[in-house]
Amino acid sequence: MIYISKNKILTILIFFSIATLQYNQLKIVPLPTVTRPIAQIFIFILFFILVWWVYIKRTSNINLQKYYFQNSDITKWLLLFVVIIIYSIFTIIIYNNFIDSIKFLINIIFAFLFYWYGYTRLGIDEERFNNYNILFSLPILFIGLVEVSGFLISNFFYTLISTLRDMILSINLDNKRLHLLFSEPSFMGTYLLFIHYLFYHSKRYYKYRKAVTLLLILFILFGKSLNTMIVVLAFLGSYYLFINKTKVLSKVIIILIALFLLAIITYLLFKSRLTNITYDPSAYIRFLHLVVLTKMFTDSYGLGMGFGSFSDYFVNYLNNNFIPIDTAELNRDMSGDVKVVPYSIFFSILGQTGIFGIFAFMFIFRKMFYSFNPYRHYYIALFVSTISALPWGLPFIWVLLGMLDKKIEERKYEHIACNRG
1 MIYISKNKIL TILIFFSIAT LQYNQLKIVP LPTVTRPIAQ IFIFILFFIL VWWVYIKRTS
61 NINLQKYYFQ NSDITKWLLL FVVIIIYSIF TIIIYNNFID SIKFLINIIF AFLFYWYGYT
121 RLGIDEERFN NYNILFSLPI LFIGLVEVSG FLISNFFYTL ISTLRDMILS INLDNKRLHL
181 LFSEPSFMGT YLLFIHYLFY HSKRYYKYRK AVTLLLILFI LFGKSLNTMI VVLAFLGSYY
241 LFINKTKVLS KVIIILIALF LLAIITYLLF KSRLTNITYD PSAYIRFLHL VVLTKMFTDS
301 YGLGMGFGSF SDYFVNYLNN NFIPIDTAEL NRDMSGDVKV VPYSIFFSIL GQTGIFGIFA
361 FMFIFRKMFY SFNPYRHYYI ALFVSTISAL PWGLPFIWVL LGMLDKKIEE RKYEHIACNR
421 G
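Just so you know, we're using my numbering here: the sequence shown kicks off at 1 and counts up by one.
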């Protein structure tokens, strides 16, 4: 009989979980819409690893309470959990809406699970964790490279990738934009941040960082996503403002040049979108989501309207205001036959849980305000992505946030140890 140690089994599970994470879109919200088997497999594996990892830590005589609640940032999620639970109870009592309350609570649980995934690195060292993720990202980067070749060289390459993607995702996509393996180019923003971080923090693959950065730039340009461009702008702008050590005048000149070039690129890529909203009515509808959620916040005197209230509020807004477009999506929303899901994590919390929820949410991202934080530009870019991201965006928002928090905590303890020494 072949004996396999617990650590080897855990390593196998790590491989599968990381691979699955990179290859699912995570249509988690609302949870019943999870139809892709790969998303369900990842969720199952993640829970299984959680139980297994805790078991290993218990058998290793590690004080879990001290490990989690004294030496980590995981406790900051408790405040958000408390707010969500209180507003869930409020929603059930006032609106008798049990389903939406549970869905929102499940959203938070999954966001925390992915944060935990990145924070703990499943018990393996940072270098191996980063390298595993890079290895599993290579097929996606290769697909993107072939897709870009379709735009630059021959449409054959793009058709090849489109056929493969349609088989995997079973959806019809815009053939004028780069998608990688995502249903929307706007999903690429946080994923590209994730890839950028991995290559710049891997000793083995660090030498390829410039080539990968060039490839990511091509993905951004051919993805033609305003959301991705905004995330990248937030990343670069905050880097030169807070991280880069060049003189202030040089920073200002660099930022002005970058803004000028970005304005030209934006005009060339998004001219039709910016001048004619009928070209991309979906973007206009998403903007309306932000308007309505802000109105919910102000109409509730900053206390929030509770979960499940957005759909009715949005339909009422559409029926009582002039909307300069007429699409199947808009007509579906106005009919009230389906629950409308707001396209923003930040504004969704703002409109539905008010100042209490948004304070708890901002507390999770509080390190972006720390002047000594060497990863401040990542935090700011991730936070910006939540403003226009699908609920709850991609898992990479929370995975990378967990990885960053862990990195800062390790640096803090190394600094303390050096001072004591």
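Hints listed in this document are in silico derivations from the structure and should not be mistaken for laboratory results. Heads up, the beta-carbon is just placed ideally off N, CA and C, and yes, glycines get one too. Worth double-checking, as some hints may not be accurate.
Cross-link-like lysine-lysine pairs, in silico, DSS-like; alpha carbons within 27 Å at most [to be verified]:
1. K367 <-> K412
2. K203 <-> K176
3. K406 <-> K245
4. K8 <-> K295
5. K224 <-> K176
6. K76 <-> K339
7. K412 <-> K245
8. K339 <-> K8
9. K245 <-> K295
10. K245 <-> K224
Simulated DEER-style distance windows between Cβ atoms [what the hints assert, rightly or not]:
11. S371 <-> F98: 40 to 48 Å
12. I94 <-> L160: 25 to 33 Å
13. K295 <-> L141: 26 to 34 Å
14. D299 <-> F142: 47 to 55 Å
15. L160 <-> A211: 20 to 28 Å
16. L233 <-> Y200: 29 to 37 Å
17. K207 <-> K295: 46 to 54 Å
18. R204 <-> N321: 35 to 43 Å
Status of the hints after comparison with the structure:
no.	hint	result
1	K367 <-> K412	holds (13 Å)
2	K203 <-> K176	violated (37 Å)
3	K406 <-> K245	holds (24 Å)
4	K8 <-> K295	violated (53 Å)
5	K224 <-> K176	holds (9 Å)
6	K76 <-> K339	violated (31 Å)
7	K412 <-> K245	holds (21 Å)
8	K339 <-> K8	violated (45 Å)
9	K245 <-> K295	violated (41 Å)
10	K245 <-> K224	violated (31 Å)
11	S371 <-> F98: 40 to 48 Å	holds (44 Å)
12	I94 <-> L160: 25 to 33 Å	violated (53 Å)
13	K295 <-> L141: 26 to 34 Å	violated (42 Å)
14	D299 <-> F142: 47 to 55 Å	holds (49 Å)
15	L160 <-> A211: 20 to 28 Å	holds (23 Å)
16	L233 <-> Y200: 29 to 37 Å	violated (19 Å)
17	K207 <-> K295: 46 to 54 Å	holds (51 Å)
18	R204 <-> N321: 35 to 43 Å	violated (55 Å)
Violated hints, in rising order: 2, 4, 6, 8, 9, 10, 12, 13, 16, 18; the structure is consistent with all others.
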